[in-house]
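Going down the list, the sequences are from chains Z and Y. In case it helps, this note's numbering puts the first sequence at residues 1 to 115. In case it helps, this note's numbering puts the second sequence at residues 1001 to 1113.
Because the hints were derived from the structure by calculation, they are not lab data. Don't take every hint at face value.
To be verified - Okay, the calculated beta carbon distance ranges per label pair:
(1) Z:20 with Y:1065: 39 to 49 Å
(2) Z:14 with Y:1067: 32 to 42 Å
(3) Y:1072 with Z:71: 35 to 45 Å
(4) Y:1010 with Z:113: 40 to 50 Å
(5) Y:1065 with Z:68: 42 to 52 Å
(6) Z:68 with Y:1067: 37 to 47 Å
(7) Z:84 with Y:1081: 33 to 43 Å
(8) Y:1092 with Z:10: 27 to 37 Å
(9) Y:1077 with Z:28: 28 to 38 Å
(10) Z:58 with Y:1011: 48 to 58 Å
As the list claims (entries may be wrong) - Away from chain Y, derived, C-beta distances all over 12 Å, residues of chain Z:
(11) 16
(12) 48
(13) 86
(14) 89
(15) 97
(16) 99
(17) 102
(18) 106
Virtual Cβ for every residue (Gly too), placed ideally from N, Cα, C.
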Amino acid sequence: EAGVAQSPRYKIIEKRQSVAFWCNPISGHATLYWYQQILGQGPKLLIQFQNNGVVDDSQLPKDRFSAERLKGVDSTLKIQPAKLEDSAVYLCASSIRRDGYNEQFFGPGTRLTVL
Amino acid sequence: LAKTTQPISMDSYEGQEVNITCSHNNIATNDYITWYQQFPSQGPRFIIQGYKTKVTNEVASLFIPADRKSSTLSLPRVSLSDTAVYYCLVGPRGGAGSYQLTFGKGTKLSVIP
C-alpha cells in the first residue's frame, strides 16, 4: 500500500514569511497527526485529527500555526508568520487501529529552514 | 504519561547483538511499551510493542521484567542498515481517537563495520 505522502520535502523561507505543508495519509486512515521535530530531539505532536475534526491541538502555537483537514483526507499545516525557531522537520502521520493498537505510519517529512 | 530514560547513544560492530534498555519507573497498569525506529531523513517506524515478559517479531525482541519498570529492545546481529535512532515510548495502547505518541530524545545507534 502507498505510504503517507508529504510535500514539499524541503522549504527555505525568511522569517516573517508564510509557509504551508501538505499531507496525504494512507487511504482509509481516519486519524492524522502533525509533528514537529527539531534537530536532535524526538518528534513533538502539534495536532491530531479524527476524520475532519480536531482531537487535540493543545501543543499547537495557535498564534502562528494553523491546520485543517476539510474533507477528512488530505491535510495542510500553515505557519504565518514564521520565526527562526520554527526551523524543523514537520512530520505527518496517519493511523489505523489494528489488534487494539493505533499504529502510526509516518511520512518522510518536510524540512523547513527559516533564515 | 510515564517518563522514559534511555541512553543517548550506543556503538556496536556489525554482526553483534545490541540491547537498548529503557527505564520507565512510573509505568501505569494499562500502559504498553512501544519502540519506534527512525532512519536519517525519514519518519519514525513502529518496531515492536509489548506489555510483559517477551515479545519477538522478525525485526527485534522486547524483554519486559515482571515489575515492568524497564524494558530491553534486542536487535540480533546488527548490520550497517540498523544505524538509526530508537525511541522507547510508554502509554495506553490506544483508544479510538485519542492515542498519542510522546517521544523522548531516543538512543542513537551507530553500527560500525
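Taking the hints in turn, this is what the structure says about them:
1. Z:20 with Y:1065: 39 to 49 Å: Hint holds: Cβ distance 47 Å, inside 39 to 49 Å.
2. Z:14 with Y:1067: 32 to 42 Å: This hint is violated: roughly 53 Å between Cβ atoms.
3. Y:1072 with Z:71: 35 to 45 Å: 44 Å Cβ-Cβ, so the 35 to 45 Å window holds.
4. Y:1010 with Z:113: 40 to 50 Å: Violated, since residue 1010 of chain Y and residue 113 of chain Z (Cβ atoms, about 30 Å apart) do not stay within the stated range.
5. Y:1065 with Z:68: 42 to 52 Å: 45 Å, holds
6. Z:68 with Y:1067: 37 to 47 Å: 45 Å, holds
7. Z:84 with Y:1081: 33 to 43 Å: Given range 33 to 43 Å: holds, Cβ gap about 35 Å.
8. Y:1092 with Z:10: 27 to 37 Å: 35 Å, holds
9. Y:1077 with Z:28: 28 to 38 Å: 36 Å, holds
10. Z:58 with Y:1011: 48 to 58 Å: 38 Å, violated
11. 16: 28 Å, holds
12. 48: 7 Å, violated
13. 86: 19 Å, holds
14. 89: 9 Å, violated
15. 97: Non-interface label fails for residue 97 of chain Z: nearest chain Y Cβ at 7 Å, not farther than 12 Å.
16. 99: Answer for residue 99 of chain Z: violated, closest chain Y Cβ roughly 9 Å.
17. 102: At about 4 Å from chain Y, residue 102 of chain Z fails to clear the 12 Å cut-off, so the statement is violated.
18. 106: 3 Å, violated
Checked against the numbered hints given earlier, this structure breaks hints 2, 4, 10, 12, 14, 15, 16, 17 and 18; the rest are met.
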